[in-house]
Amino acid sequence: MATDFWTSTHYKQLLDQEEVDVVHSLDKERGITLEDFKLIKLHMTNYIVRLAQHVKVRQRVVATAVTYMRRAYTRRSMVEYDPRLVAPTCLYLASKAEESTVQARLLVFYIKKLYSDEKYRYEIKEILEMEMKILEALNYYLVVFHPYRALSQLLQDAGMSDATQMIWGLINDTYKMDLILIYPPHLIALACIYVASMLKDKDNTSWFEQLRVDMNMVEKIATEILDFYDYHKTISEEKVNAAMLKLTMRM
Amino acid sequence: MAGAAYGQLNLEESPSWGSRSVECFEKLEQIGEGTYGQVYMAREIKTGEIVALKKIRMDNEKEGFPITAIREIKILKKLQHENVIKLKEIVTSSGPEVDEHGKSGGHKYKGSIYMVFEYMDHDLTGLSDRPGLRFTIPQIKCYMRQLLTGLHYCHVNQVLHRDIKGSNLLIDNEGNLKLADFGLARSYSTDHKGNLTNRVITLWYRPPELLLGATRYGPSVDMWSVGCIFAELLHGKPILTGKNEPEQLNKIYELCGSPDEINWPGVSRTPWYSKFKPSRQMKRRVRDVFRHFDRNALELLEKMLTLDPSQRISAKDALDAEYFWTDPLPCDPKSLPKYESSHEFQTKKKRQQQRQNEEMAKRQKVQHPQQHTRLPPVQQSGQPQPQHWAGGHNNHPMGNNTGQPPLTAGGPSHHQYGKPRAAGPNRYPPGGNPNPTVGGGGYYPDRSAGQGGVGFSGGPYPPQPRAPGVSGPRGSSGGYAPPNYTQNVPYGGGSGAGGGGGGGRGPNVGGNRSQPYSWQQQ
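Taken in order, these protein sequences are the chains called A and B. Taking our numbering, I'd label the letters of the first sequence as residues 42 to 292. Taking our numbering, I'd label the letters of the second sequence as residues 10 to 531.
Please note that a few of the clues may not be correct.
One-sided excerpt, in silico: chain B residues whose CB lies under 8 Å from chain A [to be verified]: (1) S28; (2) I59; (3) E72; (4) G73; (5) F74; (6) I99; (7) I271.
Here are the simulated PhoX-like pairs of lysine-lysine, each with C-alpha atoms no more than 20 Å apart in a straight line [as the list claims (entries may be wrong)]: (8) K280/A / K69/A; (9) K53/A / K95/B; (10) K174/A / K71/B; (11) K286/B / K53/A; (12) K86/B / K153/A; (13) K86/B / K53/A; (14) K287/A / K160/A; (15) K174/A / K86/B; (16) K166/A / K71/B; (17) K71/B / K36/B.
Computed list of chain B residues with no C-beta within reach of chain A, every gap over 12 Å [unchecked claim]: (18) D181; (19) D269; (20) G275; (21) K286; (22) M291; (23) W334; (24) L338; (25) K343.
For the record, the hints were derived by calculation from the structure and aren't laboratory data. Positions of the beta carbon are idealized from the N, C-alpha and C atoms, including for glycine.
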């Protein structure tokens, strides 16, 4: 919403990878590893996406919700803040912050429809309670910039408008990672264009050069995206379930 | 890195990223009240700093944290400008307040949330309502320039304020003016074509396009409000004081002419154009009604009060107007006088006390001693101090001689860190009292009646007296010092009914006004 990312709170809040990859001590006690931590966040991203499809909100709301969820877990424990409650709550809060309000009862309705597992079933009251806690965890910083913003101009400029769909999809996938907490969104967008150029065998080197951005950074992000796709193939439902189980297990 | 970024708000107290507790502050006094929540003046215990705490009411548990508060927080966290009120942090209360509700203790969500703002001493309405106080032209230019600078910043950041009015313009004792109360503000973008509500902006300051039902609009809505404030500052009282929406529109037409496809291409396609179509053509009379304003002021006002929003001047262009670059130039905020703080809640209490004291004094036929030593500059000159509300003293040429505590001079400032929103976005429901400076209505019951009576739009415009004998700060200031301008209007159904000298000079001119006060003359 702000016009200028560089003066935004989002920019001031960018974290280092090491800061994002800290498993809360309470979660460690339950045996949650860094991989589990990432898996659960991935799983919850998928949950938010799924729920969002049912309540019909814009992609921007989904992106903001996922960002809230990921930000919240840089400083809150999953044992204390059950991801199965945090995820829908972040969608609820993001829908307000992005001016596409979704009623809490509608969310609860679809949660029940989507999951028979009782562990996912939360009531309105609990979502509203968690909303306050998320707001606090976010320190009330609610503005998020997304890589989608300048995409169409960038693609037009790069002569890659035909790849819009693919790159849009790539950007959506970046929310399965923590990139949005770590890198400025326009660099994420450029990295996605970079990946798409590679996949489509299109040489965009000169276009990237004239952008005067830190190409090392763009390449680094692109590599992370490609690594993630490789890693993603190895993820199985069992792995995710095992990680989720650790949360509920009593030690 | 994260620590530093977040920690700029509350690093030491909350290494775990929580909000601080409201117990870090000592509430001193309530300075505002509304459906939105109370506003308190408070002291931060650790630093001694004075702040304003605006409570966010969490009554509506159906949809959690209010979206209006989310908007306001989002916007305020993003806007960092010397002419925009600064949101310092957000604090929560737990414990005791939870117990009051008798519900499960310890959960913060059951408690209250407070927005912590820098404390400001006045708002523009409260300040200009001070009896006997009149702003000088450099002072008006100074406030207007700050208002436009702050608004330009908002508009550049794609924020519409949508409730610009005097009581939302806070002023500190350094003469700084800051936009406050972003509870109705919205971010907008030119590419996102969503519809916006037209039920925003306090009626008197609402532009014609909103009254005609427009749901796609932009920064120009705020500029209309600025025009209303500008005229109000020069004229001495609100200029378009409709009691309901049709009447408001009619008053606008009476002043600015009726809209047609020539002066406002496309107006006939606004949703309620035919519904509110005036029965007869009306001519634009801005130059006539405000002919006592100086040329550059009038020129700027004309551009602000332009019916067609697309032709209305922008904040940026307004800042470039001749008005701000010709003598007398805007003064330095720091050169402005310091006034006793004026908050509705404080002045209300003081007024009550004063009333009691006066009655006592009457009974005992003795003058009670001066209770306050710090006088606003205006008082020191022995400026008449109307006490219309109390009855009796308003004809007294020298308010101080009555020994009344000068503090009561503070106007009903209705301080707006947060404001009453009794009627939702449309604060003043049709038929209701549309007076934006009367909080609950009825505290100054005379006021709206008085203004209704003296407003120019009720019928033929009353003569705008030139007030012979007015000598403003400069020799030529007849034009700068609007004859009608005094601050006792609000009290006075006052000026007409009670003001002794009113009769001969037209309805707006009370006895005091033949001696316009300018603190510059001191």
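Right, here's what the structure says about each hint:
no., hint, verdict
1, S28, "5 Å, holds"
2, I59, "22 Å, violated"
3, E72, "6 Å, holds"
4, G73, "4 Å, holds"
5, F74, "6 Å, holds"
6, I99, "5 Å, holds"
7, I271, "35 Å, violated"
8, K280/A / K69/A, "17 Å, holds"
9, K53/A / K95/B, "18 Å, holds"
10, K174/A / K71/B, "17 Å, holds"
11, K286/B / K53/A, "52 Å, violated"
12, K86/B / K153/A, "36 Å, violated"
13, K86/B / K53/A, "12 Å, holds"
14, K287/A / K160/A, "13 Å, holds"
15, K174/A / K86/B, "19 Å, holds"
16, K166/A / K71/B, "8 Å, holds"
17, K71/B / K36/B, "29 Å, violated"
18, D181, "24 Å, holds"
19, D269, "35 Å, holds"
20, G275, "26 Å, holds"
21, K286, "33 Å, holds"
22, M291, "38 Å, holds"
23, W334, "28 Å, holds"
24, L338, "31 Å, holds"
25, K343, "27 Å, holds"
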